[in-house]
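*Asks:* Using the sequences provided together with the hints, build the complete structure.
By numbering that gives the first Met the number 0, the letter at position 113 of the sequence shown is numbered 112, and the numbering carries on one by one without gaps.
These are calculated hints, taken from the structure and not from any lab test. Keep in mind that a hint or two might mislead.
Listed next, the in silico DMTMM-like pairs over lysine to aspartate or glutamate satisfying Cα-Cα at most 20 Å (straight line) [stated by the list, open to error]:
| no. | residue 1 | residue 2 |
| --- | --- | --- |
| 1 | Lys-26 | Asp-41 |
| 2 | Lys-132 | Glu-52 |
| 3 | Lys-132 | Asp-84 |
| 4 | Lys-26 | Glu-119 |
Pairwise CB distance ranges (calculated) [said to hold, decoys possible]:
| no. | residue 1 | residue 2 | range |
| --- | --- | --- | --- |
| 5 | Pro-143 | Ala-57 | 37 to 45 Å |
| 6 | Glu-157 | Val-102 | 33 to 41 Å |
| 7 | Ala-81 | Arg-148 | 27 to 35 Å |
Glycine is no exception: its CB is placed at the ideal position from the N, C-alpha and C atoms.
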Amino acid sequence: MRVKDRTQSDSQQCAQYQMESGLPVYKVIDDTEASDPFLLFDHIGPVTFRPGEAVGAADHPHRGMELISVLLQGSVHHADSAGHDSVLPAGTVQHIRFGRGLVHFEMPGPALVESGGTLEGYQIWVNLPPADKLCNPVYTEVAPDDLPRVRTEDGGAEIRVISGTSHGVEGAVSCVTPCCCWMYN
0 MRVKDRTQSD
10 SQQCAQYQME
20 SGLPVYKVID
30 DTEASDPFLL
40 FDHIGPVTFR
50 PGEAVGAADH
60 PHRGMELISV
70 LLQGSVHHAD
80 SAGHDSVLPA
90 GTVQHIRFGR
100 GLVHFEMPGP
110 ALVESGGTLE
120 GYQIWVNLPP
130 ADKLCNPVYT
140 EVAPDDLPRV
150 RTEDGGAEIR
160 VISGTSHGVE
170 GAVSCVTPCC
180 CWMYN
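*Replies:* The structure is reproduced here in structure tokens:
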């Protein structure tokens, strides 16, 4: 696997598509050789559901990759073939190293289904190096208050360090493929 240094020189319109369930997703990065090790970067929503209308992604498999999900609004019920089963509230970061493979589903949380509301988040799919593609799966959830935070030198922004390092602060998620993922306020 090649890791390339890149700079962003052009802006582009994100392609929108709908998952089989009808959930709107914007593709920031699509699976191309030029983006390796990043396979996908999806912005899910924001989409507002009325009571009883919320949809998600039914059982589906992944392997040979890592997934970082950042839930901005709403809640997501996640369960997988390794026995993880939880409802993630807004602000939660989820990291799954699929390795040799898992089947999982991602559906709106019960309160969102029952009462309606808005769902929004990001998912970053990161390619695993060939030697790690068949590793054992790893699952991590990081609550909003457990994300390491650091302020910029001028105090103008707060950075939540999800993975990698920023201003000497190590992220909460450890990826096999070097990957920096930060959120700025």
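*Asks:* If any of the earlier hints don't hold here, list their numbers in rising order.
*Replies:* 2, 3, 5
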